[in-house]
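The listed protein sequences correspond, in order, to chains A and B. Using the working numbering, you'd call the opening residue of the first sequence number 1 and step up by one each time. Using the working numbering, you'd call the opening residue of the second sequence number 1 and step up by one each time.
Worth flagging that the hints you see were computed from the coordinates, not collected in a lab. Everything numeric in this text was worked out from a predicted model, so none of it was measured. Please note: incorrect hints may appear among the correct ones.
Here are the simulated distance ranges between beta carbons [stated by the list, open to error]: (1) B:Ala14 - A:Pro72: 23 to 31 angstroms; (2) B:Ile116 - A:Arg97: 25 to 33 angstroms; (3) A:Lys84 - B:Met54: 48 to 56 angstroms; (4) A:Glu156 - B:Ile116: 34 to 42 angstroms; (5) B:Gly135 - A:Arg208: 38 to 46 angstroms.
According to the in silico footprint, chain A covers these stretches of chain B (three or more CB under 8 angstroms from chain A) [claimed, not checked]: (6) 60–73; (7) 112–120; (8) 136–146.
Glycine included, each C-beta is placed from N, C-alpha and C at the ideal position.
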Amino acid sequence: MMKQETTQKPMAEQDFSLNLEDLRPRPKEKKHLSEYFMPRRHSFIIFHPDRCTGCGACEMICSTRNVEKVAPVSASVKVVRDQKEGKNFSILCQHCRKPLCLPACPTRAIEKGDDGIVRIDKLFCTECGLCTMACPAAAPIKDPGSQEIHKCDLCEGDPLCVKHCPENALTFTRGKAVRWIKGLRWTSQLISFLLLVMVFVGTFCYFRTGSVSFACPTGTLQNIASSGTIVLVGVSSALALLILTVLAGRLFCGWVCPFGFVLDVVDKITPRKIGWPSFLKSRMTKYGVLAGAVGGSYALGFQVFCTVCPIGTLCRSYGVQSFFRSAELAIVPVLASLEIAQRRSWCRYFCPVGAVLGLTALLRMIKIVIGAKKCKKFSCIQCAEVCPVGIIDADKLREGLSPKIPMTECIMCMRCVDRCPYSAAKIRFRWQRATPGEGRI
Amino acid sequence: MKNTKDKIDEAKRASGADSCVECGRCVAVCPMAEMYANFSIEMSPRGIIKKTLMGDPVVEDKNIWYCTECNAGTDTCPQGVSCRDLIRKLREAAVDENLLENAKTCKCCGRAFVAIPVEDFVFARLKDEPANVFGVLDICPPCRREIYLLRNA
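Next comes chain A alone, as it looks inside the complex:
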């Protein structure tokens, strides 16, 4: 095939250039079927700065593996000492999920194996040092003597530095085993969906058994605005959800809301997002929708938003209903289709129920913290990826700082807490510090 083409072209137009892609094509990423259900847990070394004394035993033992003599300069772990404050830190390869050294290597000597270990192939390595340039922590270390690049390969699963650290400042783990919050949340969402939508028809908006009554807070606000009278029973029943929000944040949105469950299911079906135009990306829109709903109710004399509310529509419309009731249900697929643009885009930008809960969450008692000390920063950033409302600042994490999580926007789905392999994302009381010795976030 190639021969025919070259014979047809004149000599000057022939393209003889062969690049690295032709000689050594990069292996395609394969995802095993089981990884969709349970992501692989790659092993890694955790460093505890509070335990490190800076003795340099890790450097010495590492160099015996690299150059077969004790020479700390040629180790692939580097202990950096801050003389002013007396702090020690050992820099070692974090085996990033998306390594930056990998695209920077001009000879493609660096590869990430199926076991998650990023290795340098000594055969192809030309010791140019561009991986050190690209790494945010400068973890691949150039040996000043032999000019070779040394990078941690976890000693192929049995790290020497971990064994020889006298203070156990380095630990070798595989991360959390069970992600039990995930199952709990899906179960809670499914049960509340079945209960609210199919068993108790119309329950979310208002229901009453005996002396116990419950009402939607947004509906109550519109009711007050439209009728001009305050019914104490209605207000007190609306308080139930607000008290839950004060105690546990917007737990309703992530764990109970039936429309949120629909959105999560639609999100599973459409994993690829097309993005949202930036002029609509304002989280304040939902407060505007809330103000519009209350003002409209006052002007028109009936509860305006409740006629199109996706949560209420879902709750009211199950079973054999009148034609109008069933036609109401059309709002649900329309709003659920917003999920193609961004995850939970309705909850992020428009939902007035979430707006009321968000305002209540200003009085919250708990918060979610991502402690930068335990966090592995640029090498992981899974929390920002799994966050359905996108409030975790990935750039802050890449810089190595703790991101501030706005609890008015957080829907308390606890995906970040569940996913974090280093248990850096945690639930804390509002007045607590994240970890001992760490500043208030």
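Go by the hints and put chain B onto chain A.
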């Protein structure tokens, strides 16, 4: 104070460039062919060695700044010419002559640690990564480790 000619002579002596036989093996293994689209004989180690031996003005040449100072050419040379050492010495001579427009200096310590064309290559390769990563490329690796320590410990 040595003048530039003496420095070039010293570079020739230290790297053994005099014994170059122009076999072109260093050009065959040079990773710059993969890195730069405009890779040419002037840019290749063979071209630079030839220019140095012929006594052409090599210190002012931009081509000495494309090298990543890798060890591939030195490893493969049958005559033991270290083109890395040659280019390092030439760059030192260029820095002494204040030809600094192609050398990137560290934001923290002010040391010249990477050449601008090499940095441009890394920039181009990390183009798809989030823009925040580019902040670390202004800092030399030892300073970067110090900053990483201060942030994390």
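List in ascending order the numbers of the hints, as given earlier, that are violated by the structure.
5
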